[in-house]
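S.K.: Residues per chain are reported as follows:
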Amino acid sequence: DTGVSQDPRHKITKRGQNVTFRCDPISEHNRLYWYRQTLGQGPEFLTYFQNEAQLEKSRLLSDRFSAERPKGSFSTLEIQRTEQGDSAMYLCASSSPGQGVGYTFGSGTRLTVV
Amino acid sequence: SQQGEEDPQALSIQEGENATMNCSYKTSINNLQWYRQNSGRGLVHLILIRSNEREKHSGRLRVTLDTSKKSSSLLITASRAADTASYFCATDAWGGGSNYKLTFGKGTLLTVNP
Chain A
6 DTGVSQDPRH KITKRGQNVT FRCDPISEHN RLYWYRQTLG QGPEFLTYFQ NEAQLEKSRL
66 LSDRFSAERP KGSFSTLEIQ RTEQGDSAMY LCASSSPGQG VGYTFGSGTR LTVV
Chain B
8 SQQGEEDPQA LSIQEGENAT MNCSYKTSIN NLQWYRQNSG RGLVHLILIR SNEREKHSGR
68 LRVTLDTSKK SSSLLITASR AADTASYFCA TDAWGGGSNY KLTFGKGTLL TVNP
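Protein chains in written order, with this note's numbering: chain A, 6 to 119; chain B, 8 to 121.
Same shape as in the complex, but just chain B (with noise of 0.2 angstroms):
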């Protein structure tokens, strides 16, 4: 079962603007975590947030948490053609027994337009 779901399922926008992703969960977490896939590739881990944190910062990314909502986004700023790909948001469930394993949401597929 996936327990997040991101919010647009698609979003195209020109190089420069910038661009926010939404999820939504259902259970508690320890952290959160966005990650990135260019088509048929492997995923690449972009950042993480504790939910004990609100906001993190990684060079053009942003990602907020709202744990009373059990929400987060994440901003790209400047957007480049190179950041195409979907984006996913996977969490880490809070309580024993989770054994750290990662839950994904369906993704965003994310079109930025040179």
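Only chain A is shown next, with the shape it has when bound in the complex (with noise of 0.2 angstroms):
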């Protein structure tokens, strides 16, 4: 296992339209986020899973945002009607269980909303 996969690296994508992001955890890790990065800004909580369940969603998730676990293994992140505020580094990060560990994390998927 060489770490956490994030797909595609990179998303340029027209106003409007809808895009996934897929991450593929290590495999051992019972735990998942993502987190959205925007330029000079430290990473923004997104969501949460432990296992296939989702745990926590921030209020950054709007409506339009959704996440899934299927299986507790890789997660996708689906952007509908995307608009140019959703512009940023989308990471994806895993974790195993217990406490007081620290997080691996993809090197991110950039979306460009143009």
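Calculated from the structure, these hints are not laboratory results. Among these hints, one or two may not hold up.
To be verified - Computed list of lysine to any residue pairs in SDA-like fashion (alpha-carbon distance at most 25 angstroms, straight line): (1) B:LYS77 - A:SER67; (2) B:LYS33 - A:LEU65; (3) B:LYS76 - A:GLN46; (4) B:LYS108 - B:THR74; (5) A:LYS62 - B:ALA100; (6) A:LYS62 - A:SER100; (7) B:LYS108 - A:SER71; (8) B:LYS113 - A:ALA58; (9) B:LYS108 - A:LEU51; (10) B:LYS113 - A:GLY90; (11) B:LYS33 - B:THR71; (12) B:LYS113 - A:THR117; (13) B:LYS108 - A:GLY21; (14) B:LYS63 - A:SER67; (15) B:LYS108 - A:ARG64; (16) B:LYS113 - B:ALA88; (17) A:LYS19 - B:ARG48; (18) B:LYS113 - A:HIS15; (19) B:LYS63 - A:PRO102; (20) B:LYS63 - A:SER92; (21) B:LYS63 - A:GLY103; (22) B:LYS108 - A:SER67; (23) B:LYS63 - A:LYS62; (24) B:LYS33 - A:VAL106; (25) A:LYS16 - B:LYS76; (26) B:LYS76 - B:THR34; (27) B:LYS108 - A:GLN55; (28) B:LYS108 - A:GLU83; (29) A:LYS16 - A:GLU33; (30) B:LYS63 - B:ASN29; (31) B:LYS63 - A:SER100; (32) B:LYS108 - A:LYS19; (33) B:LYS108 - B:GLU12; (34) B:LYS108 - A:GLY77.
Stated by the list, open to error - Listed next, with one range per pair, are the computed distances between beta-carbon atoms: (35) B:ASN45 - A:ARG64: 23 to 33 angstroms; (36) B:GLN21 - A:SER78: 17 to 27 angstroms; (37) A:SER78 - B:GLU24: 41 to 51 angstroms; (38) B:ASN29 - A:LYS62: 27 to 37 angstroms; (39) A:PRO75 - B:ASN29: 41 to 51 angstroms; (40) A:GLN46 - B:LYS76: 19 to 29 angstroms.
Just so you know, even glycine gets a beta-carbon here, dropped at the ideal spot from N, CA and C.
Take the two lone chains and join them into the complex the hints point to.
M.R.: Now the structure itself:
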């Protein structure tokens, strides 16, 4: 297992289109997180899964955003009717069970909405 | 919302010098973590310090934590050009329902000049 994989690395889409990103976590990690990062800022929490259950969603996650983690393995993040303000780096991270563990991040998907 | 605040926002030093970055946070925490991010890439976990620890070392990294002042510092000794990156502190807030969710600061951009 080589780490957390995200696909695609870059996505350019027109405003109003739907986009879907995929994240493959480290296989033995049961926790999976999505973050969004804009230029010059730190990552902002979007949502969190423990196994297949989505346990927390940020208020940043409007109803245009939906995330799934079927079977507790890979996860997808979909943005419907994209807006220019959605342009950002979308980061996925996973962590193993237990307290006091660090996250392993993927390289991110950079979304540009034109 | 971002809980951690790094200081300074940017730091430029010469190779071989030490670099110190500070982080302040607002709420009680379980642990505090430091991450590095190279331009346009994902974050890499550097070190984790628990709320009952005061100092921790890992290679050229030294982290301190002062829970009474709600602050932490990251010291990188004998810096190298390859240390050039953004450094983020992240807190795992104390209390039920945190779901081990990390809250990141805005980061310190470190430039090490050869």
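S.K.: Each hint needs a verdict: does it hold in this structure or not?
M.R.: Checked hints:
Only pairs whose Cα atoms come within 25 angstroms are accepted, and B:LYS77 paired with A:SER67 is rejected, the gap being roughly 32 angstroms. Among the hinted pairs, B:LYS33 with A:LEU65 is consistent with the structure: their alpha-carbon atoms are about 20 angstroms apart, no more than 25 angstroms. The suggested pairing of B:LYS76 with A:GLN46 holds, with an alpha-carbon distance near 24 angstroms, which does not exceed 25 angstroms. Using a Cα cut-off of 25 angstroms, the hinted pair B:LYS108 and B:THR74 holds, with the two alpha carbons roughly 19 angstroms apart.
Of the supplied pair hints, the one linking A:LYS62 and B:ALA100 holds, its CA atoms being roughly 16 angstroms apart against a limit of 25 angstroms. The suggested pairing of A:LYS62 with A:SER100 holds, with an alpha-carbon distance near 17 angstroms, which does not exceed 25 angstroms. Between B:LYS108 and A:SER71 the CA atoms are separated by roughly 19 angstroms; this keeps the pair inside 25 angstroms, and the hint holds. Between B:LYS113 and A:ALA58 the CA atoms are separated by roughly 29 angstroms; this puts the pair beyond 25 angstroms, and the hint is violated.
A hinted pair counts as satisfied when its Cα atoms are at most 25 angstroms apart, and B:LYS108 with A:LEU51 qualifies at roughly 10 angstroms. Taking the CA atoms of B:LYS113 and A:GLY90, the gap is near 19 angstroms; set against the 25 angstroms cutoff, the hint holds. Taking the CA atoms of B:LYS33 and B:THR71, the gap is about 17 angstroms. The hint holds against a cut of 25 angstroms. With a CA separation close to 21 angstroms, the supplied pair B:LYS113 and A:THR117 stays within the 25 angstroms bound.
For the given pair, B:LYS108 sits about 31 angstroms from A:GLY21 by alpha-carbon distance, which is inconsistent with the 25 angstroms threshold. This hinted pair does not check out: B:LYS63 and A:SER67 have alpha carbons roughly 39 angstroms apart, beyond 25 angstroms. For the given pair, B:LYS108 sits about 14 angstroms from A:ARG64 by alpha-carbon distance, which is consistent with the 25 angstroms threshold. Between the alpha carbons of B:LYS113 and B:ALA88 the distance comes to roughly 22 angstroms, so the proposed pair stays at or under 25 angstroms and holds.
This hinted pair checks out: A:LYS19 and B:ARG48 have alpha carbons roughly 24 angstroms apart, not beyond 25 angstroms. Distance check on the hinted pair: B:LYS113 and A:HIS15 sit about 23 angstroms apart at the alpha-carbon level, within 25 angstroms; holds. For the suggested pair B:LYS63 and A:PRO102, the alpha carbons sit about 22 angstroms apart, so the restraint of at most 25 angstroms is met. For the given pair, B:LYS63 sits about 37 angstroms from A:SER92 by alpha-carbon distance, which is inconsistent with the 25 angstroms threshold.
For the proposed pair B:LYS63 and A:GLY103, the alpha carbon gap of about 20 angstroms is at most 25 angstroms, so the pair holds. Proposed proximity of B:LYS108 and A:SER67 is supported: the alpha carbons are some 19 angstroms apart, at most 25 angstroms. With a C-alpha separation of about 32 angstroms, the suggested pairing of B:LYS63 with A:LYS62 is violated against the 25 angstroms cut-off. Of the pairs offered as hints, the one joining B:LYS33 and A:VAL106 holds, with about 21 angstroms between alpha carbons and a cut-off of 25 angstroms not exceeded.
For the suggested pair A:LYS16 and B:LYS76, the alpha carbons sit about 42 angstroms apart, so the restraint of at most 25 angstroms is broken. Restraint check for B:LYS76 and B:THR34: the C-alpha separation of about 11 angstroms stays at or below 25 angstroms, so the hint holds. This hinted pair checks out: B:LYS108 and A:GLN55 have alpha carbons roughly 11 angstroms apart, not beyond 25 angstroms. The hinted pair formed by B:LYS108 and A:GLU83 meets the criterion: a straight-line CA distance of about 21 angstroms does not exceed 25 angstroms.
With a CA separation close to 28 angstroms, the supplied pair A:LYS16 and A:GLU33 exceeds the 25 angstroms bound. Under the criterion of a C-alpha separation no larger than 25 angstroms, the hint pairing B:LYS63 with B:ASN29 is consistent with the structure, at around 15 angstroms. Taken as a hint, the B:LYS63 and A:SER100 pair is honoured in the structure, with Cα atoms around 21 angstroms apart against an allowance of 25 angstroms. Distance check on the hinted pair: B:LYS108 and A:LYS19 sit about 32 angstroms apart at the alpha-carbon level, beyond 25 angstroms; violated.
About 17 angstroms separates the Cα atoms of B:LYS108 and B:GLU12, which keeps this hinted pair within 25 angstroms; it holds. Only pairs whose Cα atoms come within 25 angstroms are accepted, and B:LYS108 paired with A:GLY77 is accepted, the gap being roughly 18 angstroms. About 30 angstroms separates the C-beta atoms of B:ASN45 and A:ARG64, a value consistent with the hinted range of 23 to 33 angstroms. Range check, B:GLN21 to A:SER78: Cβ separation about 47 angstroms, and the 17 to 27 angstroms hint is violated.
For A:SER78 paired with B:GLU24, a C-beta distance near 45 angstroms keeps the hint of 41 to 51 angstroms intact. The supplied range of 27 to 37 angstroms is met by B:ASN29 and A:LYS62, whose beta-carbon atoms lie about 32 angstroms from each other. For the pair A:PRO75 and B:ASN29, the beta carbons lie near 42 angstroms from each other, so the given range of 41 to 51 angstroms is met. Under the hint 19 to 29 angstroms, the C-beta atoms of A:GLN46 and B:LYS76, about 25 angstroms apart, fit the expected range.
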